[in-house]
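For the sequence shown, UniProt numbering assigns the number 1 to the initial residue and increments by one for each residue that follows.
The set of hints was computed from the structure by calculation and includes no laboratory data. Among the clues, some could well be false.
[Claimed, not checked] Quick list of the computed label-pair ranges, beta carbon to beta carbon:
#1 Arg285 with Asp220: 13 to 23 angstroms
#2 Lys206 with Met258: 18 to 28 angstroms
#3 Gln272 with Phe224: 41 to 51 angstroms
#4 Pro156 with Pro72: 15 to 25 angstroms
#5 Met258 with Asp3: 17 to 27 angstroms
#6 Ile185 with Thr71: 19 to 29 angstroms
#7 Glu288 with Glu211: 36 to 46 angstroms
#8 Arg109 with Leu287: 44 to 54 angstroms
#9 Asp220 with Thr71: 20 to 30 angstroms
#10 Phe278 with Ser127: 40 to 50 angstroms
#11 Ser127 with Lys284: 28 to 38 angstroms
#12 Asp268 with Asn165: 42 to 52 angstroms
#13 Pro156 with Arg285: 50 to 60 angstroms
#14 Phe31 with Asn138: 18 to 28 angstroms
[Unchecked claim] Simulated pairs of lysine to any residue, SDA-like, Cα-Cα distance not exceeding 20 angstroms:
#15 Lys2 with Asp257
#16 Lys264 with Pro208
#17 Lys146 with Gly166
#18 Lys206 with Thr175
Just so you know, these numbers come straight off a predicted model, no measurement behind them. Cβ atoms here follow ideal geometry from the backbone N, Cα and C, with glycine treated the same way.
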Amino acid sequence: MKDFSNEEWGLVLNGGGGKGSYQIGVFKALFEHHINDCIIAVSGTSSGALNSVLFANGDLNVAVNAWQDITPKSFLQVSPEMVDFKEGLVPRDGLLDIFKRYIDFDVIRMSDKTIYATVTDFGPVDSGSGTAKYYRLNYKPANEIKDILLASSALPIIYEPIVINGNICRDGGLTDNMPIEPLYIEGIRHFIVVGLSENTEINKTKYPDAEFLLINPRYDIGNFIDGTLDFTSKGARKRMELGYIDAIRQLEFYGQDMSSSEVKFQYDQAVQREYNRFFVEEKKRDLEDMVNTDMDKLNGILNLYMGD
Numbered sequence: 001m002k003d004f005s006n007e008e009w010g011l012v013l014n015g016g017g018g019k020g021s022y023q024i025g026v027f028k029a030l031f032e033h034h035i036n037d038c039i040i041a042v043s044g045t046s047s048g049a050l051n052s053v054l055f056a057n058g059d060l061n062v063a064v065n066a067w068q069d070i071t072p073k074s075f076l077q078v079s080p081e082m083v084d085f086k087e088g089l090v091p092r093d094g095l096l097d098i099f100k101r102y103i104d105f106d107v108i109r110m111s112d113k114t115i116y117a118t119v120t121d122f123g124p125v126d127s128g129s130g131t132a133k134y135y136r137l138n139y140k141p142a143n144e145i146k147d148i149l150l151a152s153s154a155l156p157i158i159y160e161p162i163v164i165n166g167n168i169c170r171d172g173g174l175t176d177n178m179p180i181e182p183l184y185i186e187g188i189r190h191f192i193v194v195g196l197s198e199n200t201e202i203n204k205t206k207y208p209d210a211e212f213l214l215i216n217p218r219y220d221i222g223n224f225i226d227g228t229l230d231f232t233s234k235g236a237r238k239r240m241e242l243g244y245i246d247a248i249r250q251l252e253f254y255g256q257d258m259s260s261s262e263v264k265f266q267y268d269q270a271v272q273r274e275y276n277r278f279f280v281e282e283k284k285r286d287l288e289d290m291v292n293t294d295m296d297k298l299n300g301i302l303n304l305y306m307g308d
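Work out the full structure: start from the sequences and follow the hints.
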């Protein structure tokens, strides 16, 4: 494995709603190999912005618990009071609860890592054409950080936009879902980018003097419906495991000559082995869940007809 301690690294976290749990699995690999200590700045969009502060928080268990406690009800339940044919069908109570339970904003404010979150700024009168704006979170008051994180993940129609400094702001993924820019401007030239799709690509021509390690799924981890909008604990667990598998292997082989057919073969074999193991374990878990569900139904019927 490459020695990451020779350079200062930036971590870039793409957005993707519920698919963002994949990045927590990547964090596990980074923490295990102490690469997190080599990362001096982190930048994220949407769910990647939330993960940026969870990463800067410095506690992997907190990040894992935060994602496992997210539920579809808390993030996607439509509020009848908000169905007024205006933007924003779902309240933000779920994310606000995550802030309250899992994020120490004093740690974020005073973090020795530079932290950026991306929003799409539509101006004061909602021009319809937004631009990416990168907010540095260090030293900002907690309420301001919360507003920026809410704005960064404010998917149009689903969530209400957030007004920041008089401007209407929505999901940062509308304009820059891979926020390398603010870290590049800070002078960072070594990047770990964590994408959330198997076809993630980096525009390297825009940053010709930069080095990139891209960690992204080997296989599809969900579309808009069964990925971006999947806030189930089961989905989070699966994606965290896959993030860890991909990260471990990509870190292990980083710096090797992937144009070599032998190295590429070894890499493919190693990753496929881990994926096969994962799929077998997942099938076993699904079978156990099915059996337990059927037993619960059977017990319910027996109790109904036979009494307690």
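Verification of the hints:
no. : hint                                   : in the structure
1   : Arg285 with Asp220: 13 to 23 angstroms : holds (20 angstroms)
2   : Lys206 with Met258: 18 to 28 angstroms : holds (22 angstroms)
3   : Gln272 with Phe224: 41 to 51 angstroms : violated (27 angstroms)
4   : Pro156 with Pro72: 15 to 25 angstroms  : holds (19 angstroms)
5   : Met258 with Asp3: 17 to 27 angstroms   : holds (18 angstroms)
6   : Ile185 with Thr71: 19 to 29 angstroms  : violated (37 angstroms)
7   : Glu288 with Glu211: 36 to 46 angstroms : holds (44 angstroms)
8   : Arg109 with Leu287: 44 to 54 angstroms : holds (47 angstroms)
9   : Asp220 with Thr71: 20 to 30 angstroms  : holds (23 angstroms)
10  : Phe278 with Ser127: 40 to 50 angstroms : holds (46 angstroms)
11  : Ser127 with Lys284: 28 to 38 angstroms : violated (53 angstroms)
12  : Asp268 with Asn165: 42 to 52 angstroms : holds (49 angstroms)
13  : Pro156 with Arg285: 50 to 60 angstroms : violated (35 angstroms)
14  : Phe31 with Asn138: 18 to 28 angstroms  : holds (21 angstroms)
15  : Lys2 with Asp257                       : holds (12 angstroms)
16  : Lys264 with Pro208                     : violated (25 angstroms)
17  : Lys146 with Gly166                     : holds (16 angstroms)
18  : Lys206 with Thr175                     : holds (16 angstroms)
Going through the hint list in order, the structure does not satisfy hints 3, 6, 11, 13, 16.
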